[in-house]
Amino acid sequence: KAGVTQTPRYLIKTRGQQVTLSCSPISGHRSVSWYQQTPGQGLQFLFEYFSETQRNKGNFPGRFSGRQFSNSRSEMNVSTLELGDSALYLCASSLDPSSGNYEQYFGPGTRLTVT
Amino acid sequence: GEDVEQSLFLSVREGDSSVINCTYTDSSSTYLYWYKQEPGAGLQLLTYIFSNMDMKQDQRLTVLLNKKDKHLSLRIADTQTGDSAIYFCAVRKSGGSYIPTFGRGTSLIVHP
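From first to last, the protein sequence lines stand for chains A and B. Residue numbers 4 to 118, in the working numbering, belong to the letters of the first sequence in order. Residue numbers 241 to 352, in the working numbering, belong to the letters of the second sequence in order.
Hint data in this document are derived by calculation from the structure and do not stem from the laboratory. Mixed in with the good hints, there may be bad ones.
[What the hints assert, rightly or not] Per the computed footprint, the stretches of chain A lying under chain B, defined by three or more beta-carbons under 8 Å from a beta-carbon of chain B, are:
| id | region |
| --- | --- |
| 1 | 17-28 |
| 2 | 45-59 |
[To be verified] Residues from chain B that keep clear of chain A, each with C-beta distances beyond 10 Å, as calculated:
| id | residue |
| --- | --- |
| 3 | Leu-250 |
| 4 | Lys-307 |
| 5 | Gly-322 |
| 6 | Pro-340 |
[To be verified] Straight line, CA to CA, 35 Å or less: simulated DSBU-like cross-link-like pairs of lysine-lysine:
| id | chain 1 | residue 1 | chain 2 | residue 2 |
| --- | --- | --- | --- | --- |
| 7 | B | Lys-276 | B | Lys-333 |
| 8 | B | Lys-308 | A | Lys-16 |
| 9 | B | Lys-310 | A | Lys-16 |
Backbone N, C-alpha and C define an ideal beta-carbon position, used for all residues, glycine too.
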């Protein structure tokens with residue numbers, strides 16, 4: 004079974020631009036979560052989507068948004084990029100969070116650098 | 241909210257056992273996980289334990305849970321250079337928000 008894939012793997016953008024990252028979950032997984040990982044803040048939860056609906060949201064500004072498609076693929080968008088948005092963005096998929104154990108499987112991440 | 245603490249670094253010699261520790265604050269945490277992150281990669285789920293268990297063994301990995309002290313540990317037996325990575329502890333509750341809280345990660349360095 005193919006794992007979680009994220010595209011692109013690396014991205015360089017300029018302050019003020021916007022960016023869209025993509026995540027394809029493991030086949031059959033309906034929950035997709037996004038995390039931001041930085042050396043200073045560690046792993047921070049952005050949001051989680053399940054069946055095309057945002058179910059949980061972390062403490063990030065409205066510049067960070069996401070969506071999920073009917074095939075469970077997910078995208079996240081960051082508008083008006085700031086230098087502090089430079090990070091590794093990780094996507095994780097799971098079968099169904101409400102089913103009890105919540106085993107998340109992570110993709111390799113997208114390394115975003117904002118200059 | 242939940243707070244999860246880990247020491248930042250651990251250095252061991254190849255062949256020795258490694259013990260990575262984690263403490264958490266919310267006593268209602270039900271599911272406790274250990275993830276491994278190698279350079280340039282995402283997080284890989286290594287193992288997990290439920291709060292009604294004291295110990296779980298999976299090949300070279302042993303997870304110990306002291307629920308009273310809210311302390312979780314991961315023991316890696318016969319540590320190899322390939323075990324060098326960052327190890328994350330994560331905890332979550334069974335109800336309410338099921339989003340796990342992650343520790344900052346422990347960087348394990350294995351030297352010959």
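Structure-based check of all given hints:
Three residues within the 8 Å Cβ limit are the bar, and the region 17-28 of chain A against chain B gives 0, so the coverage statement is violated. Against chain B, the region 45-59 of chain A contributes 5 residues with a C-beta closer than 8 Å to a partner C-beta. That satisfies the three-residue criterion, and the hint holds. At the 10 Å boundary, the C-beta of Leu-250(B) stays outside the reach of chain A, the nearest C-beta of that chain being 17 Å off. At roughly 18 Å, the least C-beta separation between Lys-307(B) and chain A is larger than 10 Å, which holds for a residue marked as non-interface.
With a least CB separation of 18 Å from chain A, Gly-322(B) remains clear of the 10 Å interface cut-off, as annotated. The beta carbon of Pro-340(B) is not kept farther than 10 Å from every beta carbon of chain A, the shortest such distance being approximately 7 Å. Simply put, Lys-276(B) and Lys-333(B) have alpha-carbon atoms about 21 Å apart, close enough for the 35 Å limit, and the pair holds. Only pairs whose Cα atoms come within 35 Å are accepted, and Lys-308(B) paired with Lys-16(A) is rejected, the gap being roughly 48 Å.
Simply put, Lys-310(B) and Lys-16(A) have alpha-carbon atoms about 42 Å apart, too far for the 35 Å limit, and the pair is violated.
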